[in-house]
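There are 2 protein chains.
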Amino acid sequence: MFIVDCSRVNEHFRGRYFSNKTENFNKIHGYDGQMTMVLIQVHDKCETIPNTDMNEAYTIKIDKDHSIIDSKSVWGALRGLETLSQMITRAGKNQFRINIGQINDEPRFTFRGFMLDSSRHYLPLHAIYETLDAMEMNKFNVFHWHLVDDQSFPFVSTTFPALSEKGAYRSNFIYTPEDVQKVSHYANDRGIRVIPEFDTPGHTQSWGKGQPNLLTQCYDAKGKPKPNVYGPINPVLNTTYEFIQKLFHEIAQRFPDQYIHLGGDEVEFGCWKSNPILQEFMKTNHFGDDYAKLESYYITKLIDIVQNLNRSYIVWQEVFDNKVNIRPETVVNVWKGNGWPTEMKNVAKAGHHVLLSACWYLNYIGYGTDWYKYYQCDPQNFNGTQQEKNLVIGGEACMWGEFVDASNLISRTWPRACAVAERLWSPESFKDYKNAKPRFHEQRCRMQVLGLKVEPIEGPDFCYCDDAI
Amino acid sequence: MFIVDCSRVNEHFRGRYFSNKTENFNKIHGYDGQMTMVLIQVHDKCETIPNTDMNEAYTIKIDKDHSIIDSKSVWGALRGLETLSQMITRAGKNQFRINIGQINDEPRFTFRGFMLDSSRHYLPLHAIYETLDAMEMNKFNVFHWHLVDDQSFPFVSTTFPALSEKGAYRSNFIYTPEDVQKVSHYANDRGIRVIPEFDTPGHTQSWGKGQPNLLTQCYDAKGKPKPNVYGPINPVLNTTYEFIQKLFHEIAQRFPDQYIHLGGDEVEFGCWKSNPILQEFMKTNHFGDDYAKLESYYITKLIDIVQNLNRSYIVWQEVFDNKVNIRPETVVNVWKGNGWPTEMKNVAKAGHHVLLSACWYLNYIGYGTDWYKYYQCDPQNFNGTQQEKNLVIGGEACMWGEFVDASNLISRTWPRACAVAERLWSPESFKDYKNAKPRFHEQRCRMQVLGLKVEPIEGPDFCYCDDAI
Numbered sequence: 001m002f003i004v005d006c007s008r009v010n011e012h013f014r015g016r017y018f019s020n021k022t023e024n025f026n027k028i029h030g031y032d033g034q035m036t037m038v039l040i041q042v043h044d045k046c047e048t049i050p051n052t053d054m055n056e057a058y059t060i061k062i063d064k065d066h067s068i069i070d071s072k073s074v075w076g077a078l079r080g081l082e083t084l085s086q087m088i089t090r091a092g093k094n095q096f097r098i099n100i101g102q103i104n105d106e107p108r109f110t111f112r113g114f115m116l117d118s119s120r121h122y123l124p125l126h127a128i129y130e131t132l133d134a135m136e137m138n139k140f141n142v143f144h145w146h147l148v149d150d151q152s153f154p155f156v157s158t159t160f161p162a163l164s165e166k167g168a169y170r171s172n173f174i175y176t177p178e179d180v181q182k183v184s185h186y187a188n189d190r191g192i193r194v195i196p197e198f199d200t201p202g203h204t205q206s207w208g209k210g211q212p213n214l215l216t217q218c219y220d221a222k223g224k225p226k227p228n229v230y231g232p233i234n235p236v237l238n239t240t241y242e243f244i245q246k247l248f249h250e251i252a253q254r255f256p257d258q259y260i261h262l263g264g265d266e267v268e269f270g271c272w273k274s275n276p277i278l279q280e281f282m283k284t285n286h287f288g289d290d291y292a293k294l295e296s297y298y299i300t301k302l303i304d305i306v307q308n309l310n311r312s313y314i315v316w317q318e319v320f321d322n323k324v325n326i327r328p329e330t331v332v333n334v335w336k337g338n339g340w341p342t343e344m345k346n347v348a349k350a351g352h353h354v355l356l357s358a359c360w361y362l363n364y365i366g367y368g369t370d371w372y373k374y375y376q377c378d379p380q381n382f383n384g385t386q387q388e389k390n391l392v393i394g395g396e397a398c399m400w401g402e403f404v405d406a407s408n409l410i411s412r413t414w415p416r417a418c419a420v421a422e423r424l425w426s427p428e429s430f431k432d433y434k435n436a437k438p439r440f441h442e443q444r445c446r447m448q449v450l451g452l453k454v455e456p457i458e459g460p461d462f463c464y465c466d467d468a469i
Numbered sequence: 001m002f003i004v005d006c007s008r009v010n011e012h013f014r015g016r017y018f019s020n021k022t023e024n025f026n027k028i029h030g031y032d033g034q035m036t037m038v039l040i041q042v043h044d045k046c047e048t049i050p051n052t053d054m055n056e057a058y059t060i061k062i063d064k065d066h067s068i069i070d071s072k073s074v075w076g077a078l079r080g081l082e083t084l085s086q087m088i089t090r091a092g093k094n095q096f097r098i099n100i101g102q103i104n105d106e107p108r109f110t111f112r113g114f115m116l117d118s119s120r121h122y123l124p125l126h127a128i129y130e131t132l133d134a135m136e137m138n139k140f141n142v143f144h145w146h147l148v149d150d151q152s153f154p155f156v157s158t159t160f161p162a163l164s165e166k167g168a169y170r171s172n173f174i175y176t177p178e179d180v181q182k183v184s185h186y187a188n189d190r191g192i193r194v195i196p197e198f199d200t201p202g203h204t205q206s207w208g209k210g211q212p213n214l215l216t217q218c219y220d221a222k223g224k225p226k227p228n229v230y231g232p233i234n235p236v237l238n239t240t241y242e243f244i245q246k247l248f249h250e251i252a253q254r255f256p257d258q259y260i261h262l263g264g265d266e267v268e269f270g271c272w273k274s275n276p277i278l279q280e281f282m283k284t285n286h287f288g289d290d291y292a293k294l295e296s297y298y299i300t301k302l303i304d305i306v307q308n309l310n311r312s313y314i315v316w317q318e319v320f321d322n323k324v325n326i327r328p329e330t331v332v333n334v335w336k337g338n339g340w341p342t343e344m345k346n347v348a349k350a351g352h353h354v355l356l357s358a359c360w361y362l363n364y365i366g367y368g369t370d371w372y373k374y375y376q377c378d379p380q381n382f383n384g385t386q387q388e389k390n391l392v393i394g395g396e397a398c399m400w401g402e403f404v405d406a407s408n409l410i411s412r413t414w415p416r417a418c419a420v421a422e423r424l425w426s427p428e429s430f431k432d433y434k435n436a437k438p439r440f441h442e443q444r445c446r447m448q449v450l451g452l453k454v455e456p457i458e459g460p461d462f463c464y465c466d467d468a469i
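Protein sequence lines correspond, in order, to chains A and B.
Count the first sequence with the UniProt record's numbering and you get residues 1 to 469, in order.
Count the second sequence with the UniProt record's numbering and you get residues 1 to 469, in order.
Please note that the accuracy of each hint is not assured.
No distinction is drawn between identical chains; accordingly, a pair holds when it is met within one copy or between any pair of copies.
[Claimed, not checked] Below, computed lysine-lysine pairings styled on BS3-like, alpha-carbon distance capped at 30 Å: (1) Lys-246 to Lys-437; (2) Lys-209 to Lys-434; (3) Lys-209 to Lys-389; (4) Lys-389 to Lys-323; (5) Lys-437 to Lys-226.
No wet-lab data here; the hints were simulated from the structure.
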C-alpha cells in the first residue's frame with residue numbers, strides 16, 4: 001500500500017492511519033471508483049529527526065482508484081497522510097467516501113508549538129503520548145516540554161542525580177533517560193520536534209533541594225539568613241556556572257533539537273536584594289540598584305555556555321526586555337497578555353525571531369466556548385514591516401499545569417488547541433470562526449475515535465462515537 | 001469478615017471496600033494491635049431501596065483488634081463503611097494504619113443530591129456508574145437524573161417508543177428499560193435514591209419529534225403558522241393530558257422512588273402568545289394577558305395526574321413563583337442564583353419543603369479554585385424562623401450538560417462536588433474551608449485510587465498515585 005523507503009517513519013504510517021477503515025468495507029451505490037492504493041512519493045529526504053528546516057509541504061491527488069501523496073520530505077508525507085485520513089468520511093456502516101481532487105498544502109508558520117508543564121503536576125508518560133498523538137492529528141510540530149519548575153524536578157540527570165532524587169514529588173514521579181528517549185522517539189515519529197525548557201534563574205526552588213549552594217540565601221530585615229528560605233539561582237558564584245555547564249551539556253546530549261528553551265521569566269529580585277554578598281557584587285560591578293543587570297549578567301553567562309554547546313535558544317520575553325545581548329537567531333517567546341503586539345514589533349524590529357504564546361494560554365478556562373478568541377489571534381497582527389513580520393516563526397499554545405494533570409489534560413486542552421493549530425498552519429485569510437466550527441466539531445469526533453477524551457467543541461451536540469468514549 | 005444479613009447490599013460491601021488493602025500487609029513497628037475483623041451490626045432494617053426516610057446514622061468503634069459499625073439501617077452501615085475505609089491511611093508499602101477511637105455520625109440533611117444532565121450530551125452508562133461511585137464515596141444519597149430536554153430524548157418509553165426513536169441524538173444513544181434498571185440498582189446498592197426529571201411544559205423540543213401535536217404551533221406576525229417551529233407543550237388540548245397521564249404512569253412504574261422531578265422552569269411565553277387557539281383559550285378562561293396562569297393551568301393538571309399515581313414531586317422554583325396550587329410535601333427546588341435566600345425564605349414560609357441548587361451549579365467553571373464558595377454556601381443561611389429552616393431538606397449540586405460529556409464529566413465535577421457533599425452532611429459548624437482543604441486533597445487521591453479521574457483540588461500538588469491515573 002505504501003511505496004516509500006523511510007523505514008522508521010514508515011512503520012508509524014502503517015499503524016496510524018486507515019487501520020479501522022479498510023476491513024470489510026462495502027461498495028457505495030453509484031460510486032465512481034474504489035481507492036485501493038495510496039502512493040507516497042518522498043523526493044528528497046528520509047530524515048528521522050524533525051528539525052528547524054523540515055519541509056512539510058505536500059500534494060495529494062485523488063483519482064478514481066488510487067491517490068498519490070507527493071512531498072519533498074517524509075514530514076510532508078506525514079502531514080499529507082493526516083489530511084488524507086481526514087478527507088475520508090463515513091457514508092454508512094463499513095462504507096467510506098472520498099472526493100476526487102487535488103490538494104496543494106503547506107504550513108504558514110514553521111514553528112507550531114504546544115507547551116506542556118510536567119512540574120506543577122507530574123504527568124505520566126501516557127498523558128504525554130496522548131498529547132503527541134493529538135498534536136500530530138492537528139499538525140503541531142514542536143513539543144515544548146516545560147520539564148521542571150519551582151514545584152518539582154522530575155527530569156533525571158545522570159550528572160546530578162540528586163536533582164530528581166530530592167526535587168521530584170516522589171521517587172517514581174520522574175522521567176528517566178529512557179523515558180526521555182521514548183518521548184523523543186514518539187514525537188519524532190510524528191514529525192514533532194522536542195524542545196526542553198530548563199527555566200532559570202527563577203522558577204528553580206525544586207533545583208535547590210538536590211544541589212546545595214545553587215539558590216540564593218535570603219536574608220531578613222535584620223541581616224540574618226532566613227532558615228531554608230532561598231531565592232533564584234545565585235548568579236555570583238563560580239560553582240553556579242560549573243553546575244550549569246555540566247547540566248546543559250547533559251541536556252544537549254539528551255535532546256537532539258537545535259534549540260533549548262532557557263526560560264528567563266519572572267525573576268523575583270526581593271531575595272537577591274536581601275543578600276549581602278550579592279549587594280557587594282552589585283557594587284563591584286557598578287550595577288547600582290538595577291537587579292535586571294544582575295539577571296542579565298547571569299543570562300549572558302548561561303547563553304555563552306549554551307552557545308559553546310552548539311545549541312540555539314528560546315527565551316521568554318523578559319530576557320529581551322532586560323536588554324541581554326542575545327544572538328540574532330535567538331527566538332524570543334512573547335507570553336505577556338498585555339501589549340503583545342507592541343512586544344512582537346519591538347522584538348522583530350531588533351532583528352530577532354519571535355514566537356507568540358500570549359493569546360494562547362489554554363490553562364485559563366472559563367464557562368462556555370473560548371476557542372473563537374484563540375482562532376482570531378494572529379501572530380503577525382501587529383504594526384510592523386513585512387520584514388519584521390517575516391521574523392515571526394509561529395506560535396505555541398501553552399497548558400500550564402497548576403490546575404491540570406493527567407485527569408483533565410486531554411479534555412481541557414482539546415479541541416481548544418485545534419483553533420491554535422489551524423491558525424498556525426492555514427493561510428491568514430482563514431479568519432471566519434463560523435466556517436471553522438464544523439471542521440473542529442468533526443475533528444473532535446475523529447480524535448475521540450482514536451481514544452482521546454476530547455471535550456465538546458461548544459454547546460449541545462454529539463459525535464457518532466459518544467457511546468464509546 | 002462481615003456479620004450482617006442484608007444480602008444484596010452485602011455483596012456490594014465485599015467488592016467495594018478494603019479489597020486492595022488486605023493482601024500481604026506487613027505489621028507496623030510499635031503497633032498496638034492488628035485489626036482482623038469489622039463487625040457490622042444493623043439493628044432494624046435490611047432495606048434494599050433507599051427512600052425518603054432512610055436512616056444513615058452510624059457509630060464506629062475501633063478497638064485494638066477489631067472494629068464495630070453499628071447502625072439502625074443498612075444505609076448507616078454503608079456510610080460507616082465508607083468512613084472506616086477513609087480512616088485507614090497508608091503507613092508504607094503494604095502497611096496501613098487506623099487510630100483507635102469512636103465516631104458517632106449522622107447527616108445534617110436528608111436530601112444530598114447530585115444532578116446529571118443526559119440530554120445536552122448523551123452520557124454512556126459507564127459515566128453514570130462512575131458518577132454514582134463518586135457520589136457514594138462522598139455520601140450523596142440522591143441521583144437527580146435530568147434525563148431529557150430540548151436537545152435529545154434518550155429515555156426509551158415502551159408506551160411511546162417514538163419519543164426516543166425520533167428524539168434521541170442517535171438510535172443507540174438511548175437508555176432502555178434495562179439500562180434504567182441497571183442504573184437504579186447500581187445507585188440503590190450505594191444507598192442512592194434515583195429521582196428522574198421529566199421537565200415540562202418547556203424544555204421539550206425533543207419530545208415533539210416523536211409525539212405529534214404535543215408542542216404548541218408557533219405563528220408569525222401575520223398570523224400564519226411557522227413551518228416546523230414549535231413552543232412549549234400545548235396546554236389546551238385533551239390529547240396532551242392523555243399523553244402525559246400514560247407517560248408518567250410508565251415513569252412511576254420504572255422509578256420506584258416516592259418523588260418525581262416535574263421541572264417547570266424557564267417556560268417561554270412567546271410561542272404560546274402567537275397561537276390563536278391559545279389566545280382564545282386565555283379569553284375563555286379569563287386569564288387576561290397573564291400567561292403564567294396558563295402555565296399554572298398546565299402544571300396543576302400535571303400535578304393532579306402525578307398525585308393520582310401516588311407520587312410526590314419536586315418542581316423548579318418557577319412553579320412556586322407562579323402560585324400553582326402545590327401540596328405541602330412538594331419540594332421546591334431553588335435554582336436561580338440571584339436572591340436565593342429570599343426565595344428559600346418565601347418557600348419555607350409558605351410551608352413547603354425546599355431544596356437548594358442555586359449556589360451549586362458546578363457547570364459554571366472558571367480559572368483556579370472555586371470549591372471554597374461551594375463550601376461556604378449554606379442552605380439554611382437565610383432570614384427565617386427555626387420552623388422555616390427545618391423545611392430545608394437539603395440541596396443538590398447540578399452538572400448541566402451543555403459543555404460536558406463523558407470526556408470531562410468526572411474530572412470537571414470532582415473534587416468540586418466534595419465541597420457540596422461535606423456541606424450537606426457535616427454540621428453547620430464546619431465552616432472553615434482551610435480545614436477542609438487537606439481532607440479534600442486526600443479524598444481526591446482516594447477517588448483516583450478507585451480509578452476516578454478526579455482533577456486537582458487546587459494549585460500544584462500530587463497524589464501518591466499520580467503515575468497511575
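Okay, the hints, checked on the actual structure:
1. Lys-246 to Lys-437: neither (49 Å within a copy, 41 Å between copies)
2. Lys-209 to Lys-434: between (50 Å within a copy, 27 Å between copies)
3. Lys-209 to Lys-389: neither (43 Å within a copy, 54 Å between copies)
4. Lys-389 to Lys-323: within (21 Å within a copy, 65 Å between copies)
5. Lys-437 to Lys-226: between (55 Å within a copy, 28 Å between copies)
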